[in-house]
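2 protein chains.
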Amino acid sequence: MKQIDFSRTKINGGFWAQKQNLVRDVAVNAVYDRFKETGRFDAFKFDKSVNPHFFWDSDVAKWIEGVAYLTHEKREPRLEAIVDELVAEIAKNRDECGYFNIYHQIIEPEKRFKIRDNHELYCAGHLIEAGVAYYEATGKRELLDLMCDYADYIEKRFVIDKDTDFITPGHEEIELALVRLYDCTGEKRYLELAKFFVDERGVNEEQGYDWAGNIYNQSHKPVREQFTAEGHAVRAVYLYCAMADIARKYGDVSLKEACEKLFDDIAERKMYITGGIGSSHLGEAFTAPYDLPNLVSYTESCAALGLALFAHRMLLLDNDSKYANVVERAIYNGFLSSISLDGKSYFYTNPLEIMPDLHKRDSSTRDNSMWLPITQRQEVFWCSCCPPNIVRFIPSIANFLYTCDDNTVYVHQFMHSEGTVSIGGKDVKITQKTDYPYDGKIEICTDSDVRLAIRIPDWCNSYEGETIKGYAFFDAKANEPIVIDFEMKPFFVGANPRVAFDCGKYAVQNGPLVYCMESCDNGKMLRDLHLDAGADFTLGYDEELGVPTLTIDAYRRRETDKLYYRKADDFIDFYKTSATLIPYFAFANRGEAEMQVWHFVK
Amino acid sequence: MKQIDFSRTKINGGFWAQKQNLVRDVAVNAVYDRFKETGRFDAFKFDKSVNPHFFWDSDVAKWIEGVAYLTHEKREPRLEAIVDELVAEIAKNRDECGYFNIYHQIIEPEKRFKIRDNHELYCAGHLIEAGVAYYEATGKRELLDLMCDYADYIEKRFVIDKDTDFITPGHEEIELALVRLYDCTGEKRYLELAKFFVDERGVNEEQGYDWAGNIYNQSHKPVREQFTAEGHAVRAVYLYCAMADIARKYGDVSLKEACEKLFDDIAERKMYITGGIGSSHLGEAFTAPYDLPNLVSYTESCAALGLALFAHRMLLLDNDSKYANVVERAIYNGFLSSISLDGKSYFYTNPLEIMPDLHKRDSSTRDNSMWLPITQRQEVFWCSCCPPNIVRFIPSIANFLYTCDDNTVYVHQFMHSEGTVSIGGKDVKITQKTDYPYDGKIEICTDSDVRLAIRIPDWCNSYEGETIKGYAFFDAKANEPIVIDFEMKPFFVGANPRVAFDCGKYAVQNGPLVYCMESCDNGKMLRDLHLDAGADFTLGYDEELGVPTLTIDAYRRRETDKLYYRKADDFIDFYKTSATLIPYFAFANRGEAEMQVWHFVK
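So the protein lines, in turn, are chains A and B. First residue of the first sequence: 5, per the numbering used here; consecutive thereafter. First residue of the second sequence: 5, per the numbering used here; consecutive thereafter.
Honestly, the hints are just simulated from the structure, not real lab data. Among the hints, a few may not be true.
Copies of one chain are not kept apart here, so a pair can be met inside one copy or by any two copies together.
Simulated crosslink set (DSS-like; lysine-lysine; CA at most 30 Å straight-line) [what the hints assert, rightly or not]:
| id | residue 1 | residue 2 |
| --- | --- | --- |
| 1 | Lys192 | Lys430 |
| 2 | Lys566 | Lys265 |
| 3 | Lys49 | Lys144 |
| 4 | Lys265 | Lys40 |
| 5 | Lys571 | Lys326 |
| 6 | Lys6 | Lys326 |
| 7 | Lys166 | Lys118 |
| 8 | Lys96 | Lys260 |
| 9 | Lys606 | Lys571 |
Predicted model only: the values in this text are computed from it and were never measured.
Whenever a hint applies, use it, and build me the whole structure from the sequences.
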């Protein structure tokens, strides 16, 4: 199976075009401004007046990657100039051996490669990805070359001289970056270096993460023996991405099997209905199976994004739609909620339930018994990994569209687009016309005869044709569109009762979109709004948010001041009303409000 | 209104006799043994090898009070000898000025009355209560005299010399103790000292409690301006007890009004269905109205006990059954759960829901996102205020039975007993025959003609006679029993939907007893056991626990490994089963198990 790079596909309308424009017009600049204000850009000048944090390099590197991806479709001279200036600073300030790390060169030069959790290789990985992306987008190879030098130096220190104080990085990322560097340069040493970091992880006792130990950064076992997703969720899925890459490049069966088990552990036991993962704020981590609390959910934006990256890589190992279904779940819900509708502000965490009143819980003391995520998106965070990750992710969203083998193009995702797929040695133009995810009708057309495998989404229960692992196969004729219509009808979803906090409740989904209720539409005490599971949903449109709405009959109790009452008593009679839901990704765009994904039904 | 002291009432059978025997046979000795082991008794010898904590004096003082109360019915020479020895040590070791405080005399003598939160006056208060109780039970007045000296010294320092570093204590208790000392000795200065501590509270800026501030110990406002229950729950209700006492003794209307508002704030907004209060472990405190989470409930045993004390004192200000109803709720549920059925172990916190699996939540890290209470009773705690509080509370439980005015005996609680009430200058014998709380039938008999006001419990909805503020009035004839039968039929209780964590759920109550489910009887995943609200309960009996049970039709889902599913899908069909409930007070007597008070219904 072969990945079809997004760079030859243009999202030329519909849902994702709007999101991509938002990144181009707003987000890439908003993130730049905030990073500029906080000194992240000036840090590259080794300006000693800014106090660089050890992961700032990666924040800016992801932003560069975002600029590169935007550039494929339309050059952005102002942004390119900023990148070129950054590259010049890196060239000027890097150590002559190739090493570049703002924090460690300025603040702790004596600690180079001595502290496992100091994100040196993580930053290097993001800079490598930026170098590859910027070269592929603009043809400018200076950053790429600098990063090759850096990778060579890393190889020297970690593989040849072995004189570092740790063997594998505390925060994974460089592994998948080195695979990309290999793909871009053809230099096998980089692939082998990636494999080295994957293979060595968890083999020797290494520096753990202070209170959280080795499981926190997936170093508790050799990776081929890791079958359950553990520890820091972003680190985990970045590692699993690299494992899937290495498994494919080397035909490594045991690594592939570990990846499969890790994926299933996430998708069947540790994933929110939104595709969010990592339910605990402590360690930003995976916890026990089925432990998916809604109010205290952590579900970092980067983790949902990373899960999509991992799931899509699994498609290159096995054409099973379960992987593409998870990509879809994450990108339309738990990832997409991370950016405001105006593109200016971001969620680091993406809760599935918000009760603002609970934040007042310990008014008489000073803290909360429960850690509660923030209720409103912010423009910048101290730890600002998510905003630039969003900026690089959305412009490259078409990466998820296709893979192919020698004679079949697999259509995994549905986006209004026009692209070129190289298959069996020739280029095939492939267009999709669709209002997905708001409408299930997709028209796919190719300019040559080609076999298409189209994913039947897991939410679709009306497709009656034959499928193999969730894909329907079609022999497409040149310029004869295939029209497939996945009927979208809102439906209720239950969770396994093992998920304690969803028990007795149901979520609402329409197509791939998970819906939620906000108090803006329904008044406070959403929890007491019981949806009529026997009624039909009415589709509407919210002009202010620009998103579809679902309205349904519902019941709630009359207000009373009584604390406890006999169920049989009259005054608590439920009265009929209605409930309006909006797509989850659109929540928290109208000020602080109650929000919930899981509802009682009647 | 006059309080009828328990000392002339014998609980001569039934429910509370069994609990009192448990204290006499087991608990008083178990607590002694644990306190002996931990050095709390040897500390009174000023044995420097033990490292006394600053509240140890109070732990032992409450135990002495328990011994005293047991003594009314039957002398306990072994225990009395221990008390006498302790009293001798106090006499020997106290400062010549009358001051006695183990911690401050041994460890920080230079800090006497300098640190508001060091519990000096709290310990003094409990020692005073012990002195009064021991004198009243045994006629031995040495401890009482020592405590009078101590109270005199406190008056000198705080009221006359005013040379202390704080004006009112950080932990209330001495106020109500001084009222008792006045009642016992007739020395008005003690009552005035109590009033002084009540009046001065919150008037001047005083030492707050480190992170929690002045609201933590009810010092944020003068007490007559405190209308909402705030801060540390035990401290709060001890203060409110004293406020009610002072209001009554002085006919202080504004203080009475504050008490009424505080009571209503608790009973209508901040009280668990079990009568537990103080929902947050942070500061062991009251929080916002309706904030009554079940899993993370703190609900300290001492707080439920203190609420009963406060509510009963309110009956002396106003014959409103709402106060006695709260006493009943607390003593049969949130207080009584604090002691194991074998009397050996105790809960400090009394959760309303236990999911042992949640304690494993952050297996991959090291802590919990949520503070969770312990799931099993313990024999001793580092902070062991609750066990001796239980030991003094149960033997004096008959204090809650009666109050009287000049011509009416108010019967607030129902316990199989034989007692003497002094009314209108003469003694009236009053007996109750009842299996309460397991049966609602009560036979009350007096040996003279007397007017009786019998509380109609709030759970009873079948009584059809006339009532005034929840009391039915009877002219009892000498030796002609009045038989009243409050029909007990299990019923479902709902909570105000403002109580977030009870929303969509119902509790089960039979008479005054709140029932709960445990996984011992019902298998795991209690949360997915939906009780059939239309079905009838079957009464049973659990031989092992020696408590009644309730069984009812219920539904639960078949096990599946699927994480999410369409509600319409078949495999999650609910199947019919049954659920068995036991009284809440009997939970956690069969090893660690799931437990819940609030259930889904179908």
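Against the structure, the hints:
no. : hint            : verdict
1   : Lys192 x Lys430 : within (26 Å within a copy, 105 Å between copies)
2   : Lys566 x Lys265 : between (51 Å within a copy, 15 Å between copies)
3   : Lys49 x Lys144  : within (21 Å within a copy, 84 Å between copies)
4   : Lys265 x Lys40  : neither (42 Å within a copy, 55 Å between copies)
5   : Lys571 x Lys326 : between (44 Å within a copy, 20 Å between copies)
6   : Lys6 x Lys326   : within (18 Å within a copy, 74 Å between copies)
7   : Lys166 x Lys118 : within (12 Å within a copy, 61 Å between copies)
8   : Lys96 x Lys260  : neither (42 Å within a copy, 78 Å between copies)
9   : Lys606 x Lys571 : both (16 Å within a copy, 13 Å between copies)
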